[in-house]
Every structure is written in structure tokens, then in C-alpha cells.
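Chains as they are written, first to last, in my numbering: chain A, 1 to 41; chain B, 1001 to 1229; chain C, 2001 to 2288; chain D, 3001 to 3228.
Some hints here could point you the wrong way.
Lysine to aspartate or glutamate pairs mimicking EDC-like chemistry, simulated, CA-CA at most 16 Å apart [claimed, not checked]:
#1 B:K1158 <-> B:E1081
#2 B:K1158 <-> B:D1048
#3 A:K30 <-> C:D2073
#4 D:K3015 <-> B:E1085
#5 C:K2123 <-> C:D2073
#6 B:K1158 <-> B:E1085
#7 C:K2268 <-> A:E32
#8 D:K3015 <-> B:E1081
#9 A:K38 <-> C:E2265
#10 C:K2003 <-> A:E32
Keep in mind that the hints were calculated from the coordinates and are not lab data.
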Amino acid sequence: MTYLYVAYAATWAIHIAYLITVVRRYSRLKQEVEQMHKKKS
Amino acid sequence: MNDPNAAHTEAEAIIAVANLVKQFGRFAALRGVSASFHASRMYGILGDNGAGKTTLLRILAGLVPPTRGEVTILGKNNPREVCREFGYMAHPSLLYDEMSGMENLRYFACLYGLEDARCADIIAAVGLDPGLQRPVGQYSQGMRQRMSLARALLNDPKILLLDEPFSNVDIRSAREMVKLLARMRNGGKTIFVVTHQASLLDGTADEFVWMDSGQIINRTPDLKFMETA
Amino acid sequence: MKKAFPILGLLTAGLLSYALYEGLVVAPKEQTMGEVQRIFYYHVPSAWTAFLLFFINFLASVQYLVRRDPKTDKIANWVVITIGVLTCVAPYAIPSLVPAGARASSIATTGVALVGLYFLIKKFFSEQETDMLALTTAEVGVVFCTVVLVTGPLWARPVWGIWWTWDVRLTSTLVLWLIYVSYLVLRRFSSSGQTPVLAAALAVFGALDVPLVYFSIWFFRTQHPQPVIGGGGSIDPRMLHVLLINWLAFLCFAFLVCWSRYRLERMKREVEETQALEALLEPRSALR
Amino acid sequence: MSAAPSGITLATLTKDLRLEWRSKDAINSMLFFALLVVVVFSFSFDPVAEESRQIAGGLVWVAFLFAAVVALNQTWARELRNQVLDAYRVSPAPANSLFLAKAMGNFLFVGVLEALMTPLFVVFYKLRVLGPAWQLLPVAILGTWAIVVNGTFFAAMSLRTRSREIMLPLLLFPITIPALLSMVEATTTILVGDPSTSAKFWIVLLATYDVVFTTGCLALFETVLHAE
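Input sequences plus hints: build the corresponding full structure.
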């Protein structure tokens, strides 16, 4: 039985890890956009 | 960018570029170049390093696609379609070091479907000995430039794109090359010469195109502009 | 538009938990393997989703290469249509083509669906956007593939006591994973201005490789039989029902992940675009 | 009126062979490398006669693959040295002629390496072919072409990337897995000479692989060559 839960946990661990990288890239991009606006104005 | 009115408009422009932009990431090599060039004319393209001279030449030769803008050569807007009419010479020799000049040209002649006799005439025309067996790798820099010019002239192209043909060439042979190019220009070819030795072209070139940081800043019939810059 | 994302997110979360509940509780216990067999409800849907994503990547890459020139674009349209017609006609005309356990109608419908997908992408995505779509589906596809390659051995271990079996489907998924990781590596390392073209060419090569991979490993397996993950043959209808629910849930989840990754990619390119434009305007005094 | 594409292919091929024959530096270093690969493999796998026949197929082909990859990395070296590739790209000569000439050149080059490595393998592993030995020829030819045609294509593709040497195997190996599997299985079946199975399926698969990827390369090479 434990293999079942390990498999489910592993699945979501991988998906969440990927989503975290996407979110982090998103926030880094957001900062860059703000800097550009600040620099321009 | 005003396109200074080309005085002689009898020959319709065979090359026209409209707001040409080329960017490598954020570096803007060309920032909107618009110009038109006419047949049987020699253009000296001058400017500091990084002015975009080489990029412009490579775009005309069809080696690099522009980021934005139009290139119309001999009526076609894709340079690849008229590549038979191009002669291209770059900083590197574009020749195989291990082969002799004649062997190199014979190979390139085959690419254009020309016979071997043509190679000997062209080598002689640039003032080299066709019978020279030494591989190009052992040529002096000046000889290698002239052999590279021979390769560019091989297919009798309508348009010659020469990137610093006179670098490392002694004054006497450079002047000979200019005379040869002048004869070709009179024969109807359009010649673009990117060079830092503008004085060599003084009195021969029809027009000097001054480029700076990716734009054409002026086009003058002679080198007067140089003193004021 | 912005509001739709959280709503869809909630809906998908609900669907996923319902599917999890189905898989864990409602689905009947498999006689031989017991509870462990329930990994099946995550393993197989992830694999199908990954294959679908890679197929979309293939379609997007073909379109990116083909739509660069109107002539080839028209030819490609006709080729796709003929393939669609073929997949409809062939199974009925030549019954022997239909593999065991599959019905002719299911092949025909998938054929039509895939052709429909091609024209759907063509309608909704401009030429540049197909490249973004290709990148997105490849990246998310690799994530799902990793899930399959992790849950596979976790399933094989308790059942056959070995971590890895050269099972046809699992090995094909591994090779597919390798191909698309090399695709992502190429995109990262490419220094040419035309990275999308190179990536599209590699994607087409990768997709051409898939059937060959499958057949070579299938024949390899018939010569050296080994346990087969998930057991082939017929499947208890109730299990199939739970499987399809799980697949639907994973498809929605994949759709959301792709959508956000796509929006990230589009934003990244817009930022690059504006930075390039700025670089274009301010004079390069630095060089003087 | 540019020359016939086949004429250009022939000219490019003879030019490459002449350059290779004249300098011979690449072929000598590659032959020595192939010898090293064989010796290293023979040290690391030193089985008894019977076992050797089982794994020899795999060993031979993996050794060939490594020697081929190192050779394929050199495919465009000469064209890059003086940017001669630009001269070709500006000329009206079709890109596929260049590709076919380079692929055939590589095929001969890798073929020579294999011709040297095979006898060494036979000696080191005391191999005797039990099955139909003549079938080894189509397997070798189709297999080498499978590695070389994709290798030349991906070598051209990796010209446009930063770390060029490592990029080629990364792109080539995943795509070559089915061909490699077919080659290894076919060779092992032939070596072992097991009457029940035959290498026919693998040879047919290799042939399909070659046809599919040769057409793919010819269709896409022009785009990749000009993708600066």
C-alpha cells in the first residue's frame, strides 16, 4: 500500500516542483517589467 | 533618414532596402536603413567598427535574415532567388587552406556550373599566377585576399559585395585591385566596398555611404565629409 | 478573461479530487495485484496526456515549418486532409489493419480528431504562436513523462520485485522523454537567431522516430518477453470508467498548466520585444 | 545554369576526399581513436567465448557509434575554418547536394573505421559467426548510414549552438535508439545463429529507418543550413 501513496505523492511532487519554477520565472519577469516602467517614467 | 536624391536616376535602382533592422538580442546592428543603389556604380561603405557595415552586406548577400524591413534585389525580395548574381568576399578568405588557389576556384566554378578556363583568366586578372601550386594556407595575407577576390569575381556577378578587400594588402596591389574593380564597375557591375582605407577609393568610387551605429548618416560623392566628421 | 483562470483552477481541483476519490475508493480492487494496482489510475492518464502533448508539439512544429511559405502551407493542408481520409477509410477497407481489441470506428474517430486538431491549431495560433505552443507542450509533456517514468517503477517494484522492466510502453515513454529533453536542451543552447526553426526540425525528427521506437521495442519484447506494465487485454468496465475520469481530470490540469506556461512565454517574448525596441531607439553612445 | 546537383555532390565529395587524403591528419587520429575504443572495450568486457557471442553485437555497435560521433564532429570543421560554408551558401548550388556529399564522405570515413575495428573485435573476442554471415553486410551498411545521415544533419544543426561538440551526441543518440537497437539485435541474432529467430525484421526496420530519416534530412537540411 505504501507504494501507492508514494506514487501519488511523487506525481504531485513533480507537478508542484514544475509549477513553482513557472511561478518563479513569472515573478522574476514581473520585476523586470516594473524596473523597465520605473526606468522609463 | 532622408534618402539623398540620387543625382543620376537614368538606371532604375537594382537594389533597394527599406527600414532594415537587424538585432542580435538587444544589440541593434542595424537600426532602420533605407537606401537604393543603382547598376554600374561603386559604393564605398565607410564607418567605425560596429556601424553595421558587415551586417548590411551579409543581409544583401542573403546569408542573414533581417529582423525587420524589406530587401529588393533585381526585382526579387528574397536575395536567395538571385544568388547567382552575387560575388561575396568576407574578412576570412572563404577558401580551403589545404588546396591551391586553382583547385579552390575549380571547385567553386563547379558550384556555378562554369568551365575551368574561367578560373585561370580570373586568377590572372587579379594579378596572381594561375600555375601556383602552393596551398592557399601558405599564401601571404595580400595574396590570399586577391585569391578571395578572384573567387568572388568567378561567376561574373552583377553585384559584388566586398568586405574590406584591401586589408593587409600592400598599397601597390591595392591600387591595382581598385583599378580592376573600376573596370568591372564600368562593365556594369554594382560594387559595394566596405573598407577603412577610404583614400584608396577616392576619385574612383561613385558614392561614399557613411554608416554609424546601425544607420546611414550620409551619402557623399567624395570624401569631403571625412574632414568635418 | 483573467477571471476565468481561477474559476477553471477550482473546477480542475474539484475534478482531480473527485477522480482521486474514485481511483482510491470506488474502483474495484484488482484480484492479483491488489491495492497497488491503483497507481494505474495516475500512471496511464499521465502517459496518455504526455503523448497528446507531444503530438500537439509535433503538429505545432510542422505548422511552424510549413507556414513560413504559402506554397508548402497549401500542400501540407492537403496532406493532412488525405491522412485524415485514409485513417477513416483504411480500417473499414482493410480490416486486417485493425489491431486486436481495437474497433475500426475508434481508429477513424481518432484520425478525424487529430486532423481536426491540426486545423484547430492552425486557426487559433499565428505562425509565431505555434512556436510558443510547441515549446509549452514540449515542456509540460516532459513533466508528465517524468511522472510516468517515476510511477512506472513504483508500480513494478511491489508487483514484480524489480524497479525497471523493459516493457514496451514504459521503454517507449523513456525514449520519448530522452528525445524531448534533447529538444529542450537544443532550445536552451541554441545561439542562432532562428532557434524556433532548429527546434521545429528536431521536433519533426523526434515525432518521425516514435513509431520506429515503438515497433523496435515491441519486437525486442516478443524476443525477450518480460512482465508487461498494467497488463494488456480487456479491462473491467468500472475500472475503465474511473480511468477515463482520471484522464479527463489530468487533461484539464494539463490544459491549465500549459495555459499558464504559454502566458509566461508570451509575456517573456513581449518583454524581450520591448527591450529590443528600446535598444533600437537609444543611441549607442557607449561605443563611441 | 548551375551544374547538375549530382555533379556538385560528386565535386564536393571528391574535394573532401582529396583534402582528407592530402592531410590525412583526421583519418590517422580517428583510426588511433577507434583502436583505443576497441582495446578499452576489450579490457572492460573480457568474457568467456560463449558469453562473448551474446554481448559482442552490442559492444561492436556501441564502439562504432562512439567512433562515428567523434568523426561526425569533424564533418563541418573544414567548412568553418575559413567560413567556406558562407561561400557555398551564397552560391546557387542546392543545399542537399552539399548534405549528400558530406553524408557520403562520412559514410566512407566511418566505414574505414569499422573496417579496421571489426577484425580487432573478432581477434579480441574470438568471434565465429554461427548464423548467416552474409546478412551482416546489409546490417552494417544500413546501420552505418542510419548513424551517418542523422549525424551529418545534427552536426549541421549543432553548428548554430553554443557548446557544439556535446550538442551532437545529445541530439543524435535519442533519435538513433531504434536503429541502434535494430543493429545490435540483428548482429547478435546472426552471431548466435539461433535458428528460431531471424534478423530479417531488424533489417527491414533499419531500411525503413534509413528511408524515413534520409527523406527527413533532405527535406529539412536547406532550412537548417540557412538558419543563421
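Taking the hints in turn, this is what the structure says about them:
no.	hint	verdict
1	B:K1158 <-> B:E1081	holds (14 Å)
2	B:K1158 <-> B:D1048	violated (27 Å)
3	A:K30 <-> C:D2073	violated (37 Å)
4	D:K3015 <-> B:E1085	violated (24 Å)
5	C:K2123 <-> C:D2073	holds (13 Å)
6	B:K1158 <-> B:E1085	holds (5 Å)
7	C:K2268 <-> A:E32	holds (10 Å)
8	D:K3015 <-> B:E1081	violated (26 Å)
9	A:K38 <-> C:E2265	violated (23 Å)
10	C:K2003 <-> A:E32	violated (24 Å)
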